[in-house]
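Chains A and B are the protein sequences, given in the same order. Going by the working numbering, 272 is the number at position 261 of the first sequence; the sequence numbering is gapless. Going by the working numbering, 261 is the number at position 250 of the second sequence; the sequence numbering is gapless.
Think of the hints as simulated: they come from the structure by calculation, not from any bench. These numbers were taken from a predicted model, which means no experiment stands behind them. Zero decoy hints are in this set.
Derived lysine to aspartate or glutamate pairs resembling EDC-like cross-links, with alpha carbons at most 16 Å apart:
no., chain 1, residue 1, chain 2, residue 2
1, A, Lys138, A, Asp165
2, A, Lys149, A, Glu110
3, B, Lys138, B, Asp100
4, B, Lys138, A, Glu318
5, A, Lys138, A, Glu121
6, A, Lys138, B, Glu318
In case you want the letters, here they are:
2 protein chains.
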Amino acid sequence: SCGKCRVKILEGTVESTPTHHISEEDYAAGWRLSCASKPASDVVVQVPDIASAYQSRMKTADLSTGEEVATFNKLQEDIRAAGVEISCDFVSAVLELSEPTLDDTMPDTERLELAAQAAFDGCTEVKLTYHTVKKLAKTLREANFKVQIAGTLDMGVLTVMDVTGKLDAPMIGCAIDIGTTTVTGVLLNLETGELVAKASSGNGQIRYGADVINRIIEQSKPGGVKRLQDAILKETLVPLTAVMCKSAGITADRIFRASVASNTTMNHLLLGVDANPVRMEPYIPTFFQWRGMVAKDLGFVANPDAEILIAPNIGSYVGGDITAGTFASLIWNKDEFSLFIDLGTNGELVFGNRDFMMSCACSAGPAFEGGDISCGMRATDGAVEAVEIDRDSMEPKLTIVGDAGQKPVGICGSGIIDVIAELYRTSIISSKGQFV
Amino acid sequence: SCGKCRVKILEGTVESTPTHHISEEDYAAGWRLSCASKPASDVVVQVPDIASAYQSRMKTADLSTGEEVATFNKLQEDIRAAGVEISCDFVSAVLELSEPTLDDTMPDTERLELAAQAAFDGCTEVKLTYHTVKKLAKTLREANFKVQIAGTLDMGVLTVMDVTGKLDAPMIGCAIDIGTTTVTGVLLNLETGELVAKASSGNGQIRYGADVINRIIEQSKPGGVKRLQDAILKETLVPLTAVMCKSAGITADRIFRASVASNTTMNHLLLGVDANPVRMEPYIPTFFQWRGMVAKDLGFVANPDAEILIAPNIGSYVGGDITAGTFASLIWNKDEFSLFIDLGTNGELVFGNRDFMMSCACSAGPAFEGGDISCGMRATDGAVEAVEIDRDSMEPKLTIVGDAGQKPVGICGSGIIDVIAELYRTSIISSKGQFV
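If we strip away everything but chain A, and leave its shape as in the complex, we get (with noise of 0.2 Å):
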C-alpha cells in the first residue's frame, strides 16, 4: 500500500490491518488506511483536506483588480496586430410584434419570423430553434409582445437562437480550459469583447487518477465512460459554468458559444469518446479537429444550439490547450526563437518561430509527485517546495508550503527538482544520479 489514503475515525470502529504507514502514535489518535479498513459499525471518519487545501492554494487572477482584464484586452490588441481579425456573426434586435385579435390570428412563430426578417437588412430567411419556440407564447405573452431576439446571421439566413423579454440580454460566449487538475473558464461579452466573469475549480475526474493514463484505464472500465463524462461536465463545467453565469447576471441560455482548451485525454473524455486507442500503440485518437457539437448533445448549460468549439489537438498527448496556448502566445508570428512551457499535470514544449514549430509532451505533476515517490504529494499547505543544501555544513534548509511554521508533510514537484539539483551541485551525488 501507498500510505495516501489515511483517515482518522471520530466515531464507531473498524477493523484495520495493521501497517507501517501508520504509526503507533497515530494508531492510538484513531488514523487508520481506508484501503485496509473494513468498517464493524457505522464511522464517522475525517479525511484530510488536501483536495481544498490544493485548492486554496490555487493561484488564480480574478476579475476584481483589473490586472486580468487588462492583460486579455492587451492580448486581444496584440492577436488583432498579428493580423487575425476576430469577428463572430451574431446579432439581436428588439422586436415590437402587434398583439394577435380575432382578426388578425397568425400562429407566434410567424408573427416572430415577419418582424425578424424585416429588422435585418438582407435577411431573407428566418429559422427559429427549438428553445425558442418551445419559450415563444409565453415569453410573447408576459412581455406584452415587445421582445430581443438574438442568433446569428450567416448568408442572409437568420437562427433565432434565444427569445427574451428582457431587451438588453448580452450575447455571451464561454471559454474552459480544462487541465488535468484544474480547470479555469471565463465569460464575455460577444459583442463588445468584454470579459464579464471568470472562475475555477478543480477537475472533478481526479478522484479516478491523477494524470491522464490512470482516467483511460478508469474509463474502459464497465460505465466509465459515463462517469468520467458525468465528473468533468455535471460536477466541474456545469456548477462552474453556473456560478459565472450568475456573477455575470445572465441566464445560461444567453451563451451563444463555447470554446474548450484541453489535452487530447480530457476533449475526448469530455465528449464521452473511448480515449482506449490513445493509451494503446498505435496511439490513434478519435479525433484531432472536429466540428459539429451543439450544448445539447453534451447537457453542458447554455443554450442548446450553441456551438462547442474544441481547439484543435496535434498528436495523442499534445491537444487543444497547447495549439490554443500558442496562437495565443504569438510566437508563430516572430522572427525570433520562442520556447513555450505548459507545465501542469502534463508537461508540453512548443519551439519555434514564424518559419518552423515543434512540440514534445511528457508526464508532469504525478511523475513526481504521485507515482512512486514515497512522500510526495501536491504543492499544497506541508509541502517541501524548494530546498537549498549549503556547501560548506551540508545542512539543507527547506521552503515549505503553507503560513509561517507549517511542518513539512511531504516533498512536491518543485521541491523534488530542486534536492536532485541540490545534491548534484554539492556533489553528493553524480551526473548519473548515483550517490558517490
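Position chain B against the provided structure of chain A, taking the given hints into account.
Chain B alone, transformed into the frame defined by chain A:
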C-alpha cells in the same frame, strides 16, 4: 360528482362520503368513489379496467395479413400517380479502412472522412454527427475497420448520421399519428418504401383529460408542460417505437427521420409548447408549420439527429392530422366533390375538390361519451353501440359491444346518435329534440 371514479376496496378501510352513484348493494361489495374517499389505512383497490378493455377493442390492422401493406403500397402508387414525387436524400455505403499503424497514425475521424468522400461521386464535404464521433473508435475496432456509414447527401455535403459494423443495416423512417385517445405508428425502409413495423397504443395523456381542452387546462398547472409532454413522449411514443424497433429487428439509431401527424393541441403538447393561447380567445397557436426539430431536442427514441417533421396545422382546431389525411386522401386532385371525415375524440371535416377545400372541427367522442351524459362510456365491453326502435311496438333493440350475453353498462357515441335518430324516426321527439 360524476360517479366515474368508482373503485372497489379489496383490503384496508377508507372513509367515504355517501353518494347516490353507489348503490347499497355495490357499497356492501366495497365500491366507493375515489374522489370522495380518504384512506384510513393502507388500502388495496381494484380499478375497473376500462383502459385495457378499450385497448383490446381497438381495431388496428397489423402487417401480418398483408392487407395493410397492400393498402399502403396502393396509396404510394396513387400519390405518385397524382404527380407527387416521393424521394429522400438518404444514402449509405460500406467502407473498408486501412487499420492504423505506428507509421499511419491518422485519427479515426479523418480516416473515415477521406474514405467516405471517396465513396460518393460529387461529395465535397463530410460532416460527422456527435452520435457518429462518439461511437466511432469502438465501432471501427470491433468491426476491424470495415463499417457501413449512412446519412444524408445534400448539395455535395455528406452528413454521416451513423456508423455501424452491421453492413446491411437499413435506414428507417418513422411515421406517427397522435390521436387524442389513440396513437399509431409505422416504420418503413427509407430506400425501398417498404413497411417494416406497425404498432398502436393509447395516448398516455388520457389520465389528464379526455379532450384537448382538459389537457390544455392540465398543461397550464405548475409542472403541467413537462407532465403532458412526458405522458405522450416517455410513456407513449418511446415504448411504442421500441416495440416497433424490436419487431423490425433494428436499433433506434437507425431511425433517420420521423413525421408526426396530430391535431394542433397534440403537437403543441408533444413539443412542450404552451397550448393555453390555443384555448383562450383569440385562440392563437405557437405554430402552424415549423421545421428545425431533431430527435435529441425531444428525447425521442431515434437517431439523435433525425429530423422530426410535424405535419402542418392550418388552424387552432384543424391540425396536421387533417392536412396529412387530406393529402393522402387525394381529394385535392379530383374534379368531383369529396367529404373527408375524421371522427376521433375530436371530429374534423374537409369538403372540396381540386378547386377549393374548406374545413371545420368540433369535439366528437367525449362530447357524447364523457361529458354530461349520465351513462356515457367509451365503445368498450358493455357499451350500447347501436339502437333500433320498432315503429309498431316501440320496443328498443340494443347492440352491445362485447361477447354474446354481455349486459349493457352504458352508452357510447354511436349509440347516442342511434337513440336520437330512432327517437326522432319514431316521432317520440321532434326535430328540435323535444319530446312530443
